[in-house]
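Residues per chain are reported as follows:
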Amino acid sequence: MPEAIGVAQRRLEGGDKVSGRTAYVADVRVPNALHAELVSSPYAHARVVSIDRTAAEAMPGVVAVLTADEIGSLGLLAKGEVFYAGQPVAVVVADDRRLAADAAQVVRVRYERLPAVVDPVAALREDAPAVLPAELRSQRADAGAHGADAAQHAASQRANVCGEAHFARGDVEQGLRLADVVVEARYRIPALYQGYLEPHGTVAVPEGDRLTVYTTTQGQFAVREEVCQATGLPEHRVKVVGMQVGGGFGAKFVKLEPLCAALALRLRQPVRLVLSRSGDFLTSRPGNFAEIGVRLGARRDGTLTALAADLLLDAGAQEDGTVGIAAMLIGSTYRVPHLLVDGYEVLTHKTPSGAYRAPGAPQAYYALESAMDELARKLGQDPFELRLRSACQQGDPRANGAPWPRIGLVETLEAARNHPFWRERSRQADEGYGVAAGGWPGGTEPAAAACRINGDGSITVQVGSVDITGTNTVFAQMAAQVFGVRADAVAVSAADTDAAPYSGSSGGSKITFTVGNAVLQAAQDARQQVLEMAAQELEASASDLDMAEGRVFVRGAPSRAVSVADLARSTTAFGGSAAPLVGRGRVAIKRASPGFAVHVARVRVDRRTGEVQPIGYLAVQDVGRALNPMAVAGQIRGGVSQSLGRALGEAMRWGDSGQLLTGSFLDYAVPRAADVPPIEVELVEVPAEEGPFGAKGVGEPPAVPGAAAIANAVADATGVRVRDLPLRPETVLAALAGETS
Amino acid sequence: MKPAAFGYLTPRTREEAIEVLSRYAGDAKVLAGGQSLVPLLNFRLTSFRYLVDINRIPDLDYIRSEQGYLAIGALARHRSVEQSAEAARECPLLPEALQFVGHPVIRQRGTVCGSIAHADPSAELPALLTALGGSVVLEGSSGRRVADAEEYFLGYLMTAQQPDELLVEARFPKLPNGSGFAFEELARRHGDFAIVGVACAALPDGSVRLGVCGANSVPFRPLKAETAAAQGDLQEAGRLAAADSDPDSDLHATAEYRRAMVSKLVERAVRHALERKEGNARG
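Residue numbers (our numbering), protein chains in the order written: chain A, 1 to 741; chain B, 1 to 283.
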């Protein structure tokens, strides 16, 4: 019987993608579609005095110029007041895309500029003006704020705090007094654009009393829910077609869809809204800027005595909630008797922050793992030894006191330490190695799946999840494993929201973990149905039967056999006697599967220019079970590449009055192929109890430790610590010259 | 977004091109490889009523060895020059500098003359043309003229080219046998606009020529640095070149850093060029 699980399997959709045959949302062609273009505010904070649409409306082919006054804000349009530069204040709809762009340029908006609060540190001050009026503030986004002494903190008095998280254990000041060595440092990590290849886009098509929305999203059911809330349509009258996604990384949940849907319904015509790259940057939902202060104390032997961390995350002009994850992770990775974590998230007049691959985790681990490295240097200890002494294991308390389930942090650290990349390291002049760990708690969400046996015995799996990372390929492998066939004997249909069983969004590293379990259950259910049919046919007990390569046979007597195709045919024939074979899987897994990664970076630093060149990299990760090792390694290499950008070049930057300065890929520097060194990947498999075949979510952990690994390598190479990312040549050179740090 | 609407003209001869350029003076822009112009149009940072696409004009796509210089026609692509045997033989600094111009796909389409006419102060080729004392040939309604690099580049994206003139040829002086040369550049990533770039030629007569980009509103020759370099004082050459630069701060580097990098890169380029010259002499 061929093994389908644990075998490198090319992505089912990969050939179409690399050969340019894949249709993305911008390729959707609908007859009579109108084209929408956004009119954006140049100011970060302003009152909209008037909007003169006459010139735009007079252009032949312009169908409408609409504002929030007519159609509501829809999560995007400013209503009377603008809260970030780039916020749309009106939308032009025209027959043609270029015409819409031309018309958008002649919509005359008069603004009364208001003071903009751009700097998150300034926004936190008690005397800071409120960024948002009270009516735009929802419930406090304090998902992580369940620390023991949250009530002691009166930060809610501050106008712009929109989320907080507090965790405490023991007496941190006492713990610091017990320390022989204390590291005290502040780290800054900039806001980051997710850098997906495909900008946001949506096409909404009204059809009778129904609406179809084609879109690029990580979660089509989430889009349906928000479109229905925005338009008042019930969920069964809205069909969302999740297209192939050209990169999401957390940025593609719901953005343009409610607006596009509302336009289509109002104008009773299909509307297409596809952003340019510049438009995408202006309305992007970047990963949060964070400033994190750490005080970390240890005994001479490396035993940690205390960890105090204060976190400030910039939410931009909308409440967010990432601080809870960041605060939780920073206080949950190492055993420490005295802990104090205070996290705040503040509003500013900038584009609202969103999720970027493991939201909050790269920020938290950049600070924590840099501080651990500084501590190791002060103690003169091996970075692995220091970490292994305190690394959390099953049963150790997290920041909130709840015990960790079984995790693979220790195993991952050990695997990295034993890898030749580290063991046989050799350092030329101006080269250094940096070690960092990082983790992600994982996610859960209910999911369902179906598995059908077609009339010819072939297998079709139906899911509602959007495949952004190769999950459909893994589902095919799972069903193939259950039926004892090759993965290419299974089709996976990721259907639209009308046809597909429910699935959560593809975010939080949970699709294989949750939908995968539903697929597994559905395949096993279908297999049982086949076995029961075969039992009648072979006059044997179903429990004595086995299945492989399209045949069911009696165990121990393989000549007593029947083909799955013959059985299936009788379920689809006119006058047939057997009910169709449809397996069903439905799960609501309650416990997530946290995943840890340990990265080792090797860099070379040019002391004359400050340039940092990564020249080697090792990424080790606990993946539970690598269902498709090729896809897992690909995920890891992608995460590492993004971390290199985070460490060395990427930063969303705004001017003093809140204008976005990095509004294109010209100014926002993502790493390119030539900037990425060879990456060695090592997989550790500590099975997840509830994961299918033991698998864990693997998408987010590889994006977490990289920035600290690079910064630690630079410190190793130069003896100089730069704590503000990115490590641009100029910053590094200044540090080398002793001007900073 | 995509560009604002424009008229698209496709002259078949130089005369026709010059005719439409003078007819629509100021409202028309020459399109050759489009690697700088088209992004500016697409970002709507600029717009023109007419684009004059010169790609259908014959006899502009050439690389010719002339008396004392290498002549590059207006339609010669970066990539052709980069791979040209003549260029490698007569002016090897040119293909070396071209490695730093964008990426292969950009060089496949972009033209040497277009890069010069665009006059971006951070661009490599204008600095090289300046370092070598090259020139450009301009044809307009009042005839044909040759402009030296130093009089051609006037400021940020500004040249002495008149609206009715077409840049038909760039002339790169040949490097005599026994020369050493180097192009050094600091950019955020390979292929990005240079933060600072330095072209250097060490000539058999002992003189050194330098051209610097990214450190002034025009590419420039640091003359005092050239003298110091010729005397073998590399550090002093770097210091003098830095003193002669007048960079601006921007998103990617402060003026101070740019100036410091002029010093380091001049030093590095001169050292590299002298080493090569030495190697050539021995070889």
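Calculated directly from the structure, the hints in this document are not laboratory data.
Just so we're clear, the structure is a prediction, and the values are computed from it rather than from any experiment.
You may find that some hints are simply not true.
[What the hints assert, rightly or not] List of simulated lysine-lysine pairs, DSBU-like, C-alpha gap at most 35 Å: (1) B:2 with B:29; (2) A:17 with A:378; (3) B:174 with A:378; (4) A:79 with A:239; (5) B:264 with B:224; (6) B:264 with B:174; (7) A:79 with B:224; (8) B:224 with B:174; (9) B:2 with A:239; (10) A:17 with B:224; (11) A:79 with A:378; (12) B:2 with B:174.
[What the hints assert, rightly or not] Some chain B residues close to chain A (C-beta under 8 Å, calculated; not the full set): (13) 174; (14) 186; (15) 232; (16) 234; (17) 249; (18) 254; (19) 259; (20) 261.
Note that beta-carbon positions come from the ideal geometry of N, C-alpha and C, so glycine has one too.
Checked hints:
no.: 1; hint: B:2 with B:29; verdict: holds, 17 Å
no.: 2; hint: A:17 with A:378; verdict: violated, 49 Å
no.: 3; hint: B:174 with A:378; verdict: violated, 58 Å
no.: 4; hint: A:79 with A:239; verdict: holds, 28 Å
no.: 5; hint: B:264 with B:224; verdict: holds, 16 Å
no.: 6; hint: B:264 with B:174; verdict: holds, 27 Å
no.: 7; hint: A:79 with B:224; verdict: violated, 61 Å
no.: 8; hint: B:224 with B:174; verdict: holds, 23 Å
no.: 9; hint: B:2 with A:239; verdict: holds, 31 Å
no.: 10; hint: A:17 with B:224; verdict: violated, 56 Å
no.: 11; hint: A:79 with A:378; verdict: violated, 54 Å
no.: 12; hint: B:2 with B:174; verdict: violated, 41 Å
no.: 13; hint: 174; verdict: violated, 32 Å
no.: 14; hint: 186; verdict: holds, 6 Å
no.: 15; hint: 232; verdict: violated, 19 Å
no.: 16; hint: 234; verdict: violated, 12 Å
no.: 17; hint: 249; verdict: violated, 10 Å
no.: 18; hint: 254; verdict: holds, 7 Å
no.: 19; hint: 259; verdict: violated, 12 Å
no.: 20; hint: 261; verdict: holds, 6 Å
Violation of the numbered hints given earlier is confined to hints 2, 3, 7, 10, 11, 12, 13, 15, 16, 17, 19; the remaining hints are satisfied by the structure.
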